[in-house]
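Residue numbers (my numbering), protein chains in the order written: chain A, 123 to 368; chain B, 1220 to 1446; chain C, 130 to 422.
It is worth saying that the hints were derived from the structure and are not from the lab.
Where hints are given, some of them may not hold.
Claimed, not checked - Derived pair list, reagent style BS3-like, types lysine-lysine, alpha-carbon separation capped at 30 Å:
1. B:Lys1303 with B:Lys1351
2. C:Lys181 with C:Lys247
3. B:Lys1288 with B:Lys1351
4. B:Lys1278 with B:Lys1288
5. A:Lys148 with B:Lys1278
6. B:Lys1303 with A:Lys148
7. A:Lys148 with B:Lys1288
8. B:Lys1303 with B:Lys1288
9. C:Lys181 with C:Lys205
10. B:Lys1303 with B:Lys1278
11. B:Lys1238 with A:Lys148
12. B:Lys1278 with B:Lys1312
13. B:Lys1238 with B:Lys1288
14. C:Lys205 with C:Lys247
15. C:Lys213 with C:Lys247
16. A:Lys148 with B:Lys1312
17. B:Lys1303 with A:Lys124
18. B:Lys1407 with B:Lys1351
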Amino acid sequence: MKNYIQLNLSLLYWILIAPFTGQFFKIAPIFRQMVFIGVRAAPMVALTAFSVGVTLAMQAAHSLQSLGAEMYIPDLVMLTLLREMGPVLIAVIVIGRSGSAVAAELGTMKVSEEIEALEVMAINPVQYLVVPRFLAMLVMLPALTIIGNYIGILGGWAVCTFSLDFNTAGYVLRALQSADAWDLYSGMIKSVVFAWIAITIACNAGLNVEGGAEGVGQATTASVVQALLSMLVMNAVLTGIFFFGA
Amino acid sequence: MQPTSGSVKLFGEEITTMKEHEIIRVRQRFGMLFQSGALLASLTVGENVALPLLQHTDKSVDEVEEIVKQKLQMVGLTGFEDLKPDEISGGMKKRVGLARALALDPELLFSDEPTSGLDPIMTAVVDQLTLKLTRGSHMTAVVVSHDMTSAFRIATRMIMLGHGNIVAQGTPDEIRTSSNPEVQQFIKGEADGPVPLNLSQEEHQDHRHVKPRPLFGARHRFHHKTP
Amino acid sequence: MKRNLSDYIVAISVILCSLVLLAALTFALSGYRLKKPKRTLQINYEDVTGIKANSEVRYAGAPAGRVIAMRHLTAKEREASPNKKDAVRVTISLDDGIPALPTDVTATLSSDTMLAPKFVALSAGTPGGNTLANNAAIEGHPAYGLEQITAAAGPLFENANKLLDNLNVTVTGLKGNLDQFMPKLGPLADSLKIDVDNLQNVITNLDGLAKGADSVLGTADQFISTTDKQLQEQLKQLHVTLLNLKVVTTYAKALVETLAEKPNRVIFSGKPATLTPESEILKSSKPLPARRP
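Hey, can you work out the whole structure from these sequences and the hints?
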């Protein structure tokens, strides 16, 4: 926990304060990490989002048909995706895929003395390794969430159009009418917070690996479990603040 | 890693009590060669050597590439720029590590076992390189080694460590003619002698802070707490 | 360096793509329109429950635009307004293809079914007269909910009750007369008496039915506060009651007419009347003559 807070503090130092003292972080590694963390996860995110959209629409159809309220299916798909399913499930995918990869990568670097080598070369591991991953995740997770939302809505549209006699315009209009901008923004804010949690926990686990290859494995597993749990708890907290607060 | 006691002075400055930004300045003045090479596996050989240059200098990409090529040529690895560290042998990794340690033209070079794992010819090449750097460009090298042939070839001053203390020190000639039986046993590489062999766990624990192997030269590792 | 370049391109294109999508969704959700709506209409309502930004607007039942804004009237505006009860001003945009609206257009709030979302329903109005100017303000009518049904059904029940009372008197009188006739008519009259008794039963039932409908309507207000499902159930019952009532009143009318004109036709069951079938009465929205011409 102490390590984790220290990591967050030095992360903030390197991002917010250090650039003004002339130690600007490099741009190229950020883009490399964006491709690695974000773009490569996009197909998985797309598949997840699509199946979630389809599932939501089918489940909603099942329940709402008995009330004769099929026209609320787009509302349900849209709101659920924007507020909850989009940010949460895409964060789950990204934690499972990219978070574990980052923890394993940093852990391996730690075990094979690469991080010590960086320190000896007067390169701060937080600045060189964590900052690009952090910024890349902070940008890419919300980006993936937006794309995922669209794909999920597309999934709902597929169910509504091909098996429920909706027309496309009707679906889109209902979907847009149901949500307002705050639903979208709250999802985006959640997504940014999840990105923060996911990447800092993964980096912290990686940087504090001890005990060789086995340690790397344990740290990776622990980072995924911790990140998922913290993310879900944080989701509950944020939902409470956004939708049950004053 | 903070030292439990004692002091470490480098370039006349006490570094154990230094702040993060001060120590960065000191670290840029020396290079360090790790026993395993400690190359960044995600970067190519060329990028590894270029890393300190890109981080600490304002040189253009072309200049950096030129320096990288020159440093790799120095350690006999011309044309290996685009390979990944796991595509080259252990000895090559060590030479890339040396090239990286030299990238910033440091005043001081720490080498941890620079010749272990290298064939005799390559050992000679690395030794010659060390000699060329120390005699030619006035760089100081602190080399930790078990390899007596190599040590006597390059050293101007030798220190033998054992039991956490200095066992003997002096010029190569003084060491070679030392009357200390431990030194003689180590130089000649004999199995029987006064140097204790710690074969069991208990004996290791008696010397918790003492590496069972004797070391030549000062071995400083500047660990700092990873934040 | 080449690898960096491709990283840049891929990452930036993904980010740009998501930014564009985000912007599109934001605009769509917050009701922002790139094109400013050319034609708008202000409607003042007493109550706009169920309407929000982006709600549909239908002109004569066909989609015609969207609700673009909604605000509360200030206290001053409310005092200045012709209808003091008006509290909310809804601004709607009208699509380009919609013809100029006649001034007698009414703007109600409506929905397809009980559960369906509300929309602003503009009635067709009568063509030929003056048309509303752009951004004109008109008076809106609240939703046709239960209250409106109750209000509309009220007179019907009053009539039905009167009718039933009259019918009761007529039939009771008829029964008295029959008692005098009976000995003379013998067995025929016996069967007739049974018929008239049955008729009286029918009328008593009718009375109960109408009272039941009255009580349903009387308590309907309470049900508004309960769940939609219960409300729907009550409305279903009310609907059935009203339909029954419609058939019954039509037939009762025929019976009364017959009794008034040719009572012997009821008593001696002469030529059977060709009554309008029940299904036709239910389908029709206007009162039908009970007997076919």
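Q.
Check whether the Cα positions of Lys181 of chain C and Lys205 of chain C lie no farther apart than 30 Å.
A. With Cα atoms ~24 Å apart, Lys181 of chain C and Lys205 of chain C stay inside 30 Å; holds.
Q) Are the Cα positions of Lys148 of chain A and Lys1278 of chain B separated by 30 Å at most? A) Status holds; Cα separation ~14 Å.
**Q.** Pair hint Lys1278 of chain B and Lys1312 of chain B, alpha-carbon separation not exceeding 30 Å
**A.** Since the Cα atoms of Lys1278 of chain B and Lys1312 of chain B sit roughly 25 Å apart, the hinted pair holds (cutoff 30 Å).
Q) Holds or violated: Lys148 of chain A with Lys1312 of chain B, Cα cutoff 30 Å? A) 26 Å, holds
**Q.** Given pair status - Lys1351 of chain B, Lys1288 of chain B, alpha carbons within 30 Å
**A.** 18 Å, holds
Q) Holds or violated: are the alpha carbons of Lys213 of chain C and Lys247 of chain C at most 30 Å from each other? A) It holds: about 24 Å lies between the C-alpha atoms, which stays within 30 Å.
Q.
With the threshold set at 30 Å, check whether the alpha-carbon distance from Lys1303 of chain B to Lys1288 of chain B stays at or below it.
A. The hint holds at about 16 Å.
(Q) Check the hint pairing Lys148 of chain A with Lys1288 of chain B against an upper bound of 30 Å on the C-alpha distance. (A) 23 Å, holds
Q. Is it true that the CA of Lys181 of chain C sits at most 30 Å from the CA of Lys247 of chain C?
A. Cα-Cα ~9 Å, so holds.
Q.
Tell me if the straight-line CA distance from Lys205 of chain C to Lys247 of chain C falls inside 30 Å.
A. Judged against 30 Å, a Cα distance of about 29 Å means the pair holds.
Q: Assess, step by step, whether the Cα of Lys1303 of chain B is no farther than 30 Å from the Cα of Lys1351 of chain B, and give holds or violated.
A: 28 Å, holds
Q | Hinted pair Lys1303 of chain B and Lys1278 of chain B, Cα distance within 30 Å | A | 24 Å, holds
Figure legend: structure checked against the earlier numbered hints; hints not met, in rising order: 13, 17.
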